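A.B. asks: Here are the chains, one letter per residue:
Number of protein chains: 2
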Amino acid sequence: MDELLEPLIRGDRRALSRAITLIESTRPDHRERAIALLSALPDRQALRIGLSGTPGVGKSTFIEAFGTMLTERGLRVAVLAVDPSSTRSGGSILGDKTRMETLSRNPAAFIRPTPSNAQLGGVARRTREAIRLCEAAGFDVVLIETVGVGQSETLVAEMSDLFVLLLAPAGGDELQGVKRGIMEMADLILVNKADGVLLPTARRTVADYAGALRLLRKRPQDPDGFPKAVAVSAATGHGLESAWDDMTTLTDWRREHGHFDGNRAAQARHWFMAELRAGLLARLDEADAKARLGRLGDAVAAGEMAPGEAASRMLEDLSRRVD
Amino acid sequence: MDELLEPLIRGDRRALSRAITLIESTRPDHRERAIALLSALPDRQALRIGLSGTPGVGKSTFIEAFGTMLTERGLRVAVLAVDPSSTRSGGSILGDKTRMETLSRNPAAFIRPTPSNAQLGGVARRTREAIRLCEAAGFDVVLIETVGVGQSETLVAEMSDLFVLLLAPAGGDELQGVKRGIMEMADLILVNKADGVLLPTARRTVADYAGALRLLRKRPQDPDGFPKAVAVSAATGHGLESAWDDMTTLTDWRREHGHFDGNRAAQARHWFMAELRAGLLARLDEADAKARLGRLGDAVAAGEMAPGEAASRMLEDLSRRVD
Numbered sequence: 001m002d003e004l005l006e007p008l009i010r011g012d013r014r015a016l017s018r019a020i021t022l023i024e025s026t027r028p029d030h031r032e033r034a035i036a037l038l039s040a041l042p043d044r045q046a047l048r049i050g051l052s053g054t055p056g057v058g059k060s061t062f063i064e065a066f067g068t069m070l071t072e073r074g075l076r077v078a079v080l081a082v083d084p085s086s087t088r089s090g091g092s093i094l095g096d097k098t099r100m101e102t103l104s105r106n107p108a109a110f111i112r113p114t115p116s117n118a119q120l121g122g123v124a125r126r127t128r129e130a131i132r133l134c135e136a137a138g139f140d141v142v143l144i145e146t147v148g149v150g151q152s153e154t155l156v157a158e159m160s161d162l163f164v165l166l167l168a169p170a171g172g173d174e175l176q177g178v179k180r181g182i183m184e185m186a187d188l189i190l191v192n193k194a195d196g197v198l199l200p201t202a203r204r205t206v207a208d209y210a211g212a213l214r215l216l217r218k219r220p221q222d223p224d225g226f227p228k229a230v231a232v233s234a235a236t237g238h239g240l241e242s243a244w245d246d247m248t249t250l251t252d253w254r255r256e257h258g259h260f261d262g263n264r265a266a267q268a269r270h271w272f273m274a275e276l277r278a279g280l281l282a283r284l285d286e287a288d289a290k291a292r293l294g295r296l297g298d299a300v301a302a303g304e305m306a307p308g309e310a311a312s313r314m315l316e317d318l319s320r321r322v323d
Numbered sequence: 001m002d003e004l005l006e007p008l009i010r011g012d013r014r015a016l017s018r019a020i021t022l023i024e025s026t027r028p029d030h031r032e033r034a035i036a037l038l039s040a041l042p043d044r045q046a047l048r049i050g051l052s053g054t055p056g057v058g059k060s061t062f063i064e065a066f067g068t069m070l071t072e073r074g075l076r077v078a079v080l081a082v083d084p085s086s087t088r089s090g091g092s093i094l095g096d097k098t099r100m101e102t103l104s105r106n107p108a109a110f111i112r113p114t115p116s117n118a119q120l121g122g123v124a125r126r127t128r129e130a131i132r133l134c135e136a137a138g139f140d141v142v143l144i145e146t147v148g149v150g151q152s153e154t155l156v157a158e159m160s161d162l163f164v165l166l167l168a169p170a171g172g173d174e175l176q177g178v179k180r181g182i183m184e185m186a187d188l189i190l191v192n193k194a195d196g197v198l199l200p201t202a203r204r205t206v207a208d209y210a211g212a213l214r215l216l217r218k219r220p221q222d223p224d225g226f227p228k229a230v231a232v233s234a235a236t237g238h239g240l241e242s243a244w245d246d247m248t249t250l251t252d253w254r255r256e257h258g259h260f261d262g263n264r265a266a267q268a269r270h271w272f273m274a275e276l277r278a279g280l281l282a283r284l285d286e287a288d289a290k291a292r293l294g295r296l297g298d299a300v301a302a303g304e305m306a307p308g309e310a311a312s313r314m315l316e317d318l319s320r321r322v323d
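As they're listed, the protein sequences go chains A and B.
Residue numbers for the first sequence follow UniProt numbering, beginning at 1 and rising by one.
Residue numbers for the second sequence follow UniProt numbering, beginning at 1 and rising by one.
Just so you know, the hints here were simulated from the structure itself, not pulled from any lab data.
Source: prediction; values computed, not measured.
Hints should not be assumed to be uniformly reliable.
Which copy? The list can't say, so a pair holds if one copy fits it or any two copies do.
What the hints assert, rightly or not - Calculated lysine to any residue pairs in the SDA-like style (CA-CA distance at most 25 Å, straight line):
1) LYS228 to GLU184
2) LYS228 to LEU240
3) LYS290 to ARG269
4) LYS290 to GLY262
5) LYS290 to ALA266
6) LYS290 to THR26
7) LYS290 to ASN263
8) LYS290 to ALA265
With the sequences and hints as input, model every part of the structure.
C.D. replies: Next comes the structure, spelled out in structure tokens:
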């Protein structure tokens, strides 16, 4: 049994941290140990909440306030960041912890930044595995935070039970800035900064988004009134408890109607296929395959062999190599 | 030697048509015959021109007029359509031929619609192979026509020596409708319908696009003045000869500077890798792989196995199966 397993299950945050570092490693022996550890985890469930918000919307302040509120209710909260852009600059370890200073010192909370030096596909696998580690460590809520960049929102939605969009108060024109596909994934739209001078704008923005959500097809897995748009203020705390109530109402309804488990099952199938495809393609990155690929690629570029014929030969070669 | 080879090389259009039907087939014995036929083709080159234009821009009329003009110059012209949307409705055989009535009756021309019942990836492979068949059959120009839908323009650009964008006269605001990525691929922008009452608008549109092209980074493989925007009228024939002169000027320059062959070599490498990846992933569609996939997928959905573990087992299984 892995030495990390017992402290991890006890909820030890250092063990959790070390386990995540283990699953982030690409070293083959680490990978083997990670797979064994993941297979030995007990079957615990947290509520997985995907949270997306563009820079400037006050996402860190929101997570601070929302996460702290949840811990005051006796819940343990883990925050995982999925920011593919930050991987280029080598991660944002300092960034994430200083952005959420109160929460990072809270013993009932755990914050983990985006793994550094990872591709989007790699971030996806590691984040899913980190979620399972957080669940095994007894966390009740796992917030998976992402910025609105490229495909990261879809990735996060595909590993979450709930997908929450945090938006800033804005004029009607700016509604268009949120892509239809993102809106369709949202279970809850929170319009932040609903305080002070921005309160009237925030209320109008909520009405605008509520209208836009009504135009989208209602999903059969949702009760009346969902997806919904509400106003919150991370600064004053206004609306946070009510937003949490909305999340639990929606989750309870989905559990009762089988949609919660159904969604997790569909997600697990999806990730199985995604890993399988990635694994197959990874064969082309192995050293001897690469050498052969280079030679065939040169022959194709020189016009000595058709692309299709070269591909057939390489595929035969890959089959023979495993004998 | 394949019985189609000799008549194909002689330029027989019925043999060409049958050869394209052969490469479009997914039957394993047909596929084997197709690969052998493709490998036996002589090394002839046509100018491959990718042509994109949204519906309503007068693309068929343009191809009729432009193609006819080329045949009058003694050139043989093949037209291949890549319209992924038409594959859903089961091809557009009647459509393409009635759209280009004069050209379809011209003995120096050959028109082939999008293969029916094909995915975008499948359309790509078949179109590339059809291009090689047209070249072997002695055609001088292969027009690869596509509609501005999804990824089809990128696909077509990746198999063309020149990429031409056919646009309608429009107000400045509508310039925005052409995505920057598409503009960056264009070697030549033709503003059609530069005749009658639309002539002033067409001229203004040309100026607008010329300005937009100047803002894009000049490509090292291009001589001064390219990429360029010019006015044409498929209805009156105005500008068609001059557009062909532009195409040959650009092509000659690229040939002299090695960019023509360099581009074809890069494209061949690209398609080799694309076919290789598709071939690897196709292993998951084989009957016994599918059965095993179904069982593992069920176990993953039921929470009995982690997605990563199931993927590892399936990958091992795929390796063993080829022994």
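A.B. asks: Which of the listed hints are not met by the structure?
C.D. replies: none
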